[in-house]
Amino acid sequence: MSANKKLSIEAYKGTRDFYPKEQFVQNYIFSVWRKVAQSFGYLEYNASLLEETELYRAKSGEEIVSEQTYSFTDRGGRDVTIRPEMTPTVARMVAQKRKELTFPLRWFSIPNLFRYERPQKGRLREHWQLNVDIFGVESAQADIEIIKVAHGIMKAFGASDEDFEIRINDRRLLNFLLHEHLGLDESRAYKLSKLVDKMHKMKAEEFLKAAAEILGHKAKLFEEVLYVKSLDELGEKAPKSTGAHGLQQIFAGLKAAGIKNFVYDPSLVRGFDYYTGVVFEVFDTSPANNRSIFGGGRYDDLVGIFGVEKVPGVGFGAGDVTAADFLQTHGLMPEYRPDIDLYICHLDGYLDNANNLADKLRKQGVRAAVDLTDKKVSQQVKTADREQIPFVVVVGEEEVKTGKFKLKNLKEGKEVEMSADQIISVLRNINK
RNA sequence: GCGACCAUCGUAUAAUGGUUAUUACGCUGCUCUGUGGAAGCGGAUAUACGGGUUCAAUUCCCGUUGGUCGCCCCA
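Position one of the first sequence corresponds to residue 46 (the working numbering), numbered consecutively onward.
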């Protein structure tokens, strides 16, 4: 290594190092995700980080692929992209084995995803995302279940119904309103839907002005449907829309499941063009973090892009960064605890005895670390304290003679004398 | 890809175009050879990187890198 150019100690731009404390938070979030998904009977899958670039081109369009992904040509001349999202991958996997898979298919995954862009709040170059999807069910029953999983995750994080809100809309209803109600052509309808997607980021006057530019004299008709609070208010304006019918089923299903904190939001669009039915977003209601936490929707045409028969799908993706922000905002972050139960200190000449004790405890499932230094006992105990290890014992002449150890609880500062077997049973119970 | 702001010990900060760059917490050693948290006394550690202006730059200017926040985009 040359002396004039120091190797950087910083993590690559837009990525995070997970030191044990951050890894602890990450593990917690993953474990909640996994627990809830599995409780609904979803099976975990994964795939490679690498996909052929073509996979994303087919779905996302040239611009996103060339400007927002990590793409390269491999040694064999293939165009390769590091996955920026999981949905195309899972659609590909389903398409490939569609003949042998059993439907309804319930799958989840927690992949890390990459996008090449400017890092900012809640958006890094690498993040992890829970993907939950159900394939092979066309009816609203699958939509209801997916939203129940989303709701269940929030509850499992300890959130109350007041902490968040589920906003729901349906692309078919939106399209009906744009095309039938407003009578817009394809390009105006698209423009307006993109504008509606942004409406909450703009001032109301600005938004209406921009809408009026697209709509002309139809602006009034638009305002009639934009600010309704319920489907009933839409009433006769959307009688033939299958989207409206689907939403009614979903709302009834959620009510039946005891879920109350959802609303019909006619302005909800979501960015993806591939959604074909229901779209929803879990929204943080706290003024300190007032934004979408995650969302998803129905995509019945995605598997079909592989040239095979259609397989309907609905699902959502939830990011780890926004999940952590939510926990932080609402004081739901769990207290850090290292995955070590016991720190074993030793007096001069008793390291071997300390190691023997550790081995005995480990065989019974105790996670024990031995101080390998020749520091003074006070320093060894301090090391355990700094690492927030809950218990400590010191091995010396006395202990070796009697076979009794003083198990010290560092948080309470209390010591209890006991045998190795007793230590095992105490620490085992702590873990449960 | 575009724009704005920012960069001083591990963290949080102070100061200055000119001797040893401040303070707190943390870290470390000792007081204290079988037990962390208290106290006292010591100690180590910083002007992101590269260039320019200047007798002199941590300070002013430019660039790079990184961070933060918007825009674009949004799995």
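These are calculated hints, taken from the structure and not from any lab test. Careful: at least some of the hints might be erroneous.
Only pairs whose alpha carbons sit at most 27 Å apart, straight line, appear in this in silico BS3-like list of lysine-lysine [to be verified]:
1) Lys246 x Lys274
2) Lys427 x Lys446
3) Lys243 x Lys305
4) Lys193 x Lys66
5) Lys236 x Lys274
6) Lys66 x Lys459
Against the structure, the hints:
no.	hint	result
1	Lys246 x Lys274	holds, 19 Å
2	Lys427 x Lys446	holds, 25 Å
3	Lys243 x Lys305	holds, 26 Å
4	Lys193 x Lys66	violated, 31 Å
5	Lys236 x Lys274	holds, 23 Å
6	Lys66 x Lys459	holds, 26 Å
The structure shown violates just one earlier hint, number 4.
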